[in-house]
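Colleague: So the protein sequences, as listed, match chains B and A.
Residue numbers for the first sequence follow the working numbering, beginning at 1 and rising by one.
Residue numbers for the second sequence follow the working numbering, beginning at 150 and rising by one.
Among these hints, one or two may not hold up.
[What the hints assert, rightly or not] Label-pair ranges, simulated between beta-carbon atoms:
no., chain 1, residue 1, chain 2, residue 2, range
1, A, Pro364, B, Val104, 24 to 32 Å
2, B, Asp13, A, Tyr207, 41 to 49 Å
3, B, Gly82, A, Gln166, 15 to 23 Å
4, B, Asn30, A, Gly191, 52 to 60 Å
5, B, Leu108, A, Arg172, 34 to 42 Å
6, B, Leu108, A, Asp320, 45 to 53 Å
7, B, Arg45, A, Leu204, 47 to 55 Å
8, B, Asn79, A, Gly213, 27 to 35 Å
9, B, Gly75, A, Tyr207, 39 to 47 Å
10, B, Gly68, A, Glu169, 31 to 39 Å
[Stated by the list, open to error] If we take Cβ atoms under 8 Å as the criterion, some of the chain B residues that face chain A in the derived model are:
no., residue
11, Pro34
12, Asn46
13, Glu47
14, Lys48
15, Tyr49
16, Lys50
17, Tyr51
18, Ile52
19, Thr53
20, Gly82
21, Ile84
22, Thr85
23, Leu91
24, Ala92
25, Phe123
Note that these hints are calculated values from the structure, not bench results.
Idealized CB from N, CA, C, for every residue including glycine.
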Amino acid sequence: MKSLKDLVLTECDSLKQRVPCDFVGIALQNRHDPDITWPYAMGNRNEKYKYITVRYGKGIAGKVISSGTPMEITGFPENILGKITDYPIMLAEKLVAAYSVPLVWNGLPKGALLIGYRHARQFDEQEKQKLREVARNLESFLPSHFTDE
Amino acid sequence: MELEAGNQACSYIIQSQEEEIKRVALELHESINQNLYTMQTGLNFIEAGIENQELKSYAKEMAGLMERTIREVRLLSVELYPNTLSTLGLVSAMKSYSKLFTNTFGILIDVHSSGEEKLLSDQKSMAAFRVCQEALINIAKYADTDHAKIEFTWGEISVRIDIKDAGKGFDANEVMESGSANGIAAMRERLRLVGGQCDLSSELDKGTTVSINLPIQ
Chain B
1 MKSLKDLVLT ECDSLKQRVP CDFVGIALQN RHDPDITWPY AMGNRNEKYK
51 YITVRYGKGI AGKVISSGTP MEITGFPENI LGKITDYPIM LAEKLVAAYS
101 VPLVWNGLPK GALLIGYRHA RQFDEQEKQK LREVARNLES FLPSHFTDE
Chain A
150 MELEAGNQAC SYIIQSQEEE IKRVALELHE SINQNLYTMQ TGLNFIEAGI
200 ENQELKSYAK EMAGLMERTI REVRLLSVEL YPNTLSTLGL VSAMKSYSKL
250 FTNTFGILID VHSSGEEKLL SDQKSMAAFR VCQEALINIA KYADTDHAKI
300 EFTWGEISVR IDIKDAGKGF DANEVMESGS ANGIAAMRER LRLVGGQCDL
350 SSELDKGTTV SINLPIQ
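All chains, please: the whole structure from these sequences, using the hints.
Modeller: If you want it as structure tokens, here you go:
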């Protein structure tokens, strides 16, 4: 039987085949506090994502989870809200463009799926749709993360 | 004469800003957060006494939101002014900040201190802390590395602090001449005002070192 990590990374891999992104990351809220970490990544340049903890409402993942809506950055660090240090995953992975959608569990946004590029880029509706589809698949794995199932 | 007056004004402005930041941080931590904590305890008490399930769940949600707010305010307060600086000293404050920095940017920081740590004045320890903070932020923004070191070397009359990374480095002369090094100039100025000195050396693909020398008295 495949582990949760294998299942998640298989989905990330299939997403990477469908959209030509440089980086795929999944951020999830901790089980017992509102902080958010990046437990899964693909296409990463280093291991920084493993140590990053984002506060609820901060950074891309924190904002996507607190608002429950997608977030798009097309030419980091131009035209961003706040300081560039408010976007640690963009800095850590040298991303210039990113699109992120919420991952919902029990009716609440509890995670974020993010695709990133290391060059400036606009995101079209087709790409966003593919990301939403993969997000729905990933949501089926969330009970294993948030419960003792 | 005019230059000295300018320096004194600059020093006064920095000191006033630091005092104001400290006041706001302490107010957040010691007054506002204490009140929020009392309110959270009250909400938990009310929730326990409610029988209506819908209202009970609403009160629980409010208590959870209050708990989150308390954490946010506490972190904001620490970000503004590290209380450990005046209670435990510069090395402890930097160790504490380094943990926060690793959690924020994913960059691991080794903090090492040799020699006996001496007590610095508030102004000097704050200047050194802010310069170290600025150097670390620059590493997160530009160095492209996942590791850095802070080394404190305590002497009888001065302390030397080296902030080193093995990142991509840059041509220091070119950056200084281009006038785009405001952060570095501010670090130097901040230390000069408390009698210290800040030097920077960098080499492409080899990394950057910021060295601080600060008299203890």
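Colleague: A separate judgement is required for each hint: does it hold in the structure or not?
Modeller: Hint check:
no., hint, result
1, A:Pro364 x B:Val104: 24 to 32 Å, "58 Å, violated"
2, B:Asp13 x A:Tyr207: 41 to 49 Å, "42 Å, holds"
3, B:Gly82 x A:Gln166: 15 to 23 Å, "21 Å, holds"
4, B:Asn30 x A:Gly191: 52 to 60 Å, "26 Å, violated"
5, B:Leu108 x A:Arg172: 34 to 42 Å, "38 Å, holds"
6, B:Leu108 x A:Asp320: 45 to 53 Å, "50 Å, holds"
7, B:Arg45 x A:Leu204: 47 to 55 Å, "50 Å, holds"
8, B:Asn79 x A:Gly213: 27 to 35 Å, "34 Å, holds"
9, B:Gly75 x A:Tyr207: 39 to 47 Å, "42 Å, holds"
10, B:Gly68 x A:Glu169: 31 to 39 Å, "37 Å, holds"
11, Pro34, "5 Å, holds"
12, Asn46, "5 Å, holds"
13, Glu47, "6 Å, holds"
14, Lys48, "3 Å, holds"
15, Tyr49, "6 Å, holds"
16, Lys50, "7 Å, holds"
17, Tyr51, "4 Å, holds"
18, Ile52, "4 Å, holds"
19, Thr53, "4 Å, holds"
20, Gly82, "13 Å, violated"
21, Ile84, "7 Å, holds"
22, Thr85, "6 Å, holds"
23, Leu91, "6 Å, holds"
24, Ala92, "5 Å, holds"
25, Phe123, "25 Å, violated"
The structure fails hints 1, 4, 20, 25 (numbered hints given earlier, in ascending order).
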